[in-house]
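Those protein sequence lines, which keep their order, are chains A and B.
Number 1657 in this note's numbering belongs to position 286 of the first sequence; there are no gaps in the numbering.
Number 301 in this note's numbering belongs to position 39 of the second sequence; there are no gaps in the numbering.
Do not take every clue at face value.
Claimed, not checked - Computed cross-link-like contacts, DSS-like style, restricted to lysine-lysine with a CA-CA straight-line distance of at most 30 Å:
1. 1576(A) to 367(B)
2. 1501(A) to 473(B)
3. 1501(A) to 771(B)
4. 759(B) to 1378(A)
5. 1377(A) to 367(B)
6. 1579(A) to 759(B)
7. 1576(A) to 340(B)
8. 759(B) to 1578(A)
Don't read these hints as lab results, they were simulated from the structure.
Spelled out from the first residue to the last, the chains are:
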Amino acid sequence: MQQIDKKQLSLLIIVFLIGSTPLFELGIEAKQDAWLAMLIAAGAGMLLTVMYVKLQQRAPNAGLADLLKYHFGRILGGSLATIYAIWFAYESMRNVRDVGELTTMALLGLTPKWIIMFLILLLSAYTISKGIEVFARVVQLLFPLVVLSYSSIILLIFFSGLVKFNQLLPILERGPMPVLKAVPDLVAFPFAQMVIMLVFMHLVKEKKSLERVTYRSQLSVSLFLVLMNALVLCVLGPQLAGVTSLPLLEVVQLVRLANFLERLDIIVTLLLFIGLYVKITTLYFASVFTMIAVTGLSSRNLLFPIGIFIYATSFLEPNNTYHLWIGLEITLKIVPVFQIAFPLLMLVVGIRKRYKPEAAGGGRRAEGVKEK
Amino acid sequence: MTKTSQTSNQSALTPLSRSLQVNAHAIHTRFGGSSDLVIRLFRSDAAPERQLALIYIAGIVDADVINDSVLAPLMSMKLPSYMEETENLLIESLRACVVSVGSVKEVSTLEEALQYMADGMCLILADGSPLALLAEAGGGKDRSVDVTQTQTVIRGPQRGFVEDIGTNISIIRRIIRSPNLHVQTHKIGSQTHSNVAVLYLHGVADESVVKEMYRRLAAIDIDGVLESGYIEEFIQDESFTLFPTLMNTERPDTVAAALLEGRVAVMVDGTPIALMAPITFFSFFQSPEDFYQRFDISSFVRVIRYAAYIVSMLLPSLYIAVTTFHQEMLPTTLLISLAAQREGVPFPGLVEALLMETTFEVLREAGLRMPRAIGPAISIVGALVLGQSAVQAGIVSAGMVIIVSFTAISNFVMPEFNMAATSRIIRFGIMLMAGMLGFFGIFISLLFVLVHLASLRSFGVPYMSPIAPTAKGSGLWRDAFIRIPWWAIVMRPMDLKLRNPRRQRSARKPPAQRH
Chain A
1372 MQQIDKKQLS
1382 LLIIVFLIGS
1392 TPLFELGIEA
1402 KQDAWLAMLI
1412 AAGAGMLLTV
1422 MYVKLQQRAP
1432 NAGLADLLKY
1442 HFGRILGGSL
1452 ATIYAIWFAY
1462 ESMRNVRDVG
1472 ELTTMALLGL
1482 TPKWIIMFLI
1492 LLLSAYTISK
1502 GIEVFARVVQ
1512 LLFPLVVLSY
1522 SSIILLIFFS
1532 GLVKFNQLLP
1542 ILERGPMPVL
1552 KAVPDLVAFP
1562 FAQMVIMLVF
1572 MHLVKEKKSL
1582 ERVTYRSQLS
1592 VSLFLVLMNA
1602 LVLCVLGPQL
1612 AGVTSLPLLE
1622 VVQLVRLANF
1632 LERLDIIVTL
1642 LLFIGLYVKI
1652 TTLYFASVFT
1662 MIAVTGLSSR
1672 NLLFPIGIFI
1682 YATSFLEPNN
1692 TYHLWIGLEI
1702 TLKIVPVFQI
1712 AFPLLMLVVG
1722 IRKRYKPEAA
1732 GGGRRAEGVK
1742 EK
Chain B
263 MTKTSQTSNQ
273 SALTPLSRSL
283 QVNAHAIHTR
293 FGGSSDLVIR
303 LFRSDAAPER
313 QLALIYIAGI
323 VDADVINDSV
333 LAPLMSMKLP
343 SYMEETENLL
353 IESLRACVVS
363 VGSVKEVSTL
373 EEALQYMADG
383 MCLILADGSP
393 LALLAEAGGG
403 KDRSVDVTQT
413 QTVIRGPQRG
423 FVEDIGTNIS
433 IIRRIIRSPN
443 LHVQTHKIGS
453 QTHSNVAVLY
463 LHGVADESVV
473 KEMYRRLAAI
483 DIDGVLESGY
493 IEEFIQDESF
503 TLFPTLMNTE
513 RPDTVAAALL
523 EGRVAVMVDG
533 TPIALMAPIT
543 FFSFFQSPED
553 FYQRFDISSF
563 VRVIRYAAYI
573 VSMLLPSLYI
583 AVTTFHQEML
593 PTTLLISLAA
603 QREGVPFPGL
613 VEALLMETTF
623 EVLREAGLRM
633 PRAIGPAISI
643 VGALVLGQSA
653 VQAGIVSAGM
663 VIIVSFTAIS
673 NFVMPEFNMA
683 ATSRIIRFGI
693 MLMAGMLGFF
703 GIFISLLFVL
713 VHLASLRSFG
723 VPYMSPIAPT
733 AKGSGLWRDA
743 FIRIPWWAIV
753 MRPMDLKLRN
763 PRRQRSARKP
773 PAQRH
């Protein structure tokens, strides 16, 4: 089994959680308090992450599927893991569809979606065929690019004098209820997506520093997301931010500096693709890994079936409105089952007695010994 | 010529006969009666009753050595009387007392004798003795050490390697005067028997890399090796990649620098190009001159190189994408002027760019292959094809000419030819993608390249280190993009897992004394 080091996990968490999130103005239902809702959701997300890390530490060498098996038994745990794998594939599909929709919206009006979605999925499949080590390296290579792009965007926004802090006032205009109402959805996306990292955490070489690395990277991502959220609000104001489909793109188009730095859309589009690529690949990976642990098949045998599944399902939704509606109204209400309910259940149940030595001794390796 | 039972395990070998006539005849036959085979029969004062023979191949031996150190002593030798008594002792005593050459060998089979002769040794046979003596007399004409032709520097040593491996190793020996410089020579090629030498700095290089190098070299089974490129294709980690995972150079100082960094060098007889491994992607952006010029200038130039590499890979694709799909990205005035230029051009942007890029590649190849005497012709024709005339004829737009020219110039910035070539090839793929899918196509192709790069290894070392994975230890990633001052380069590249990663004890510059 290929391993990754703690820095790679940290960057994977950061880039994965950033994903395409800063491009959208999440929690805009709370109007100018959207950033506040983000902040609360981030706090709740941290609590969930503590839970995931604690679960992982019970069986340091077990992936998500093995964890489920240890807690619920081979059959129930296995079927739950299968459901998780399907969910990961579904989430991956949503991002593939996002790429298709956003590309046709922002870049290529006339190009058919199927070729765009096919290419990005092919890229992900290629990455997965090379293994998690290579993917972790790719994330490491993309990370400086992401940092550079976001910091130049932020700097330019400030320099062009677009930021008006009074857009954030008045705070809590209609009491705390609208803010609190927006929080659950924000926990489900993006923060509680950390649950996917349960698939990858056991691959980290330095088990001891897992806790610190995870918390630190999530904390920085959370702060960054809240900051970006507030920044977009400061520039566009709650009304405008609520109606545009890609608020960050809108913001960047407002930047005009020295008659030269005018079209920064390209940076935003680049960030969008990098974020979505990492998301798609991570989720696709998670689905493949979980199915490997459930079925015992090799990655080669699972890569294409799951890829075809993702590709095929990405055509099910007839149009973008429907796609967004399903995403916001249905998916977000169901996913807490995976993000909160099952992990919490695991935490309560505890590892079943007959799996204890396996879990402590090191997951899959110990399993192999027993079968002998 | 009977086969004895002792040699049954090496049945292909023929033992030498006791009769000099038989041996000489056998050698003559095995060389197919070649006219450059010299068989000199003579008798010596010391043992007048025994006939002796000196056999060698003219042209690959040094005539002075043959005459002064082999033939003359043999003919005028005086042997102590006890040595003449037994037949086998004659050869032994020749070796001990007569032949005044550094390297001598005793052989008992015909095949060994033939092989060493082909390698430049001369063979001494004595009638009645089943042993033969070989004396090193290698020579022959070769190019003398000269200024480097392909990798030039302004400041720094100017000499380059030559075709003779012995000379090349001696040059390295004279740069690194240390017993820790270990050289192991292998013979590769069932016909050419080329010498392939592995050089490394003992105590610094990773022994597992050295072992792996030996293992890969030993597995090569080919009839001939004419250039280090043969070896490179056998020992590289991944065949189906555009990116080189071994570095080559004709500069002794580059090899010495690589050895000091803990890399392993491979030299092949017959070529001035040496190989170095393990190597990372970022090493290809470093010129040896970076380390001779001031660090600030070198750092600047190094950054320029990365930019030029990206330009030479992407510029035509960006032009295609912008003019075909994303016109709104350009400032309005520029857009209008571009549109005006392209008004008379009959082709879409992609075809125009492919046309011009292909033309340039043809010109470039022509410039390399054509006889030097008609060299100036290419620049005249090239200027016409790739210049004002093409624009006036309405085949391409003026903007396109600028794009293609700048792309071409950017490509020449790269210090390593094989890395520069990668961007030339990838460029065409990305151009096609940009022509079909605009920025999205460029982005997808670049990510494919990135994933591929991240998956490569050179002798076990990840190709993209020290960036991905990050090498442990203090900020060596800096050296990938800028050149830090020499006194601050304390560590060798950490991704090589060296036995001794330190170059200096600490980052200290001798303090300047002020009066």
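Tested hints:
Pair hint residue 1576(A) plus residue 367(B) does not hold up; C-alpha atoms about 55 Å apart against a cutoff of 30 Å. For the hint linking residue 1501(A) to residue 473(B), the alpha-carbon distance of about 26 Å falls within 30 Å, and the restraint holds. Note on residue 1501(A) and residue 771(B): the hinted pairing is violated, with a Cα-Cα distance of about 45 Å set against a maximum of 30 Å. A distance of roughly 19 Å separates the Cα atoms of residue 759(B) and residue 1378(A); the hinted pair therefore holds under the 30 Å criterion.
With a C-alpha separation of about 58 Å, the suggested pairing of residue 1377(A) with residue 367(B) is violated against the 30 Å cut-off. Of the pairs offered as hints, the one joining residue 1579(A) and residue 759(B) holds, with about 23 Å between alpha carbons and a cut-off of 30 Å not exceeded. Between residue 1576(A) and residue 340(B) the CA atoms are separated by roughly 75 Å; this puts the pair beyond 30 Å, and the hint is violated. With a C-alpha separation of about 22 Å, the suggested pair residue 759(B) and residue 1578(A) falls inside the 30 Å cut-off, and the hint holds.
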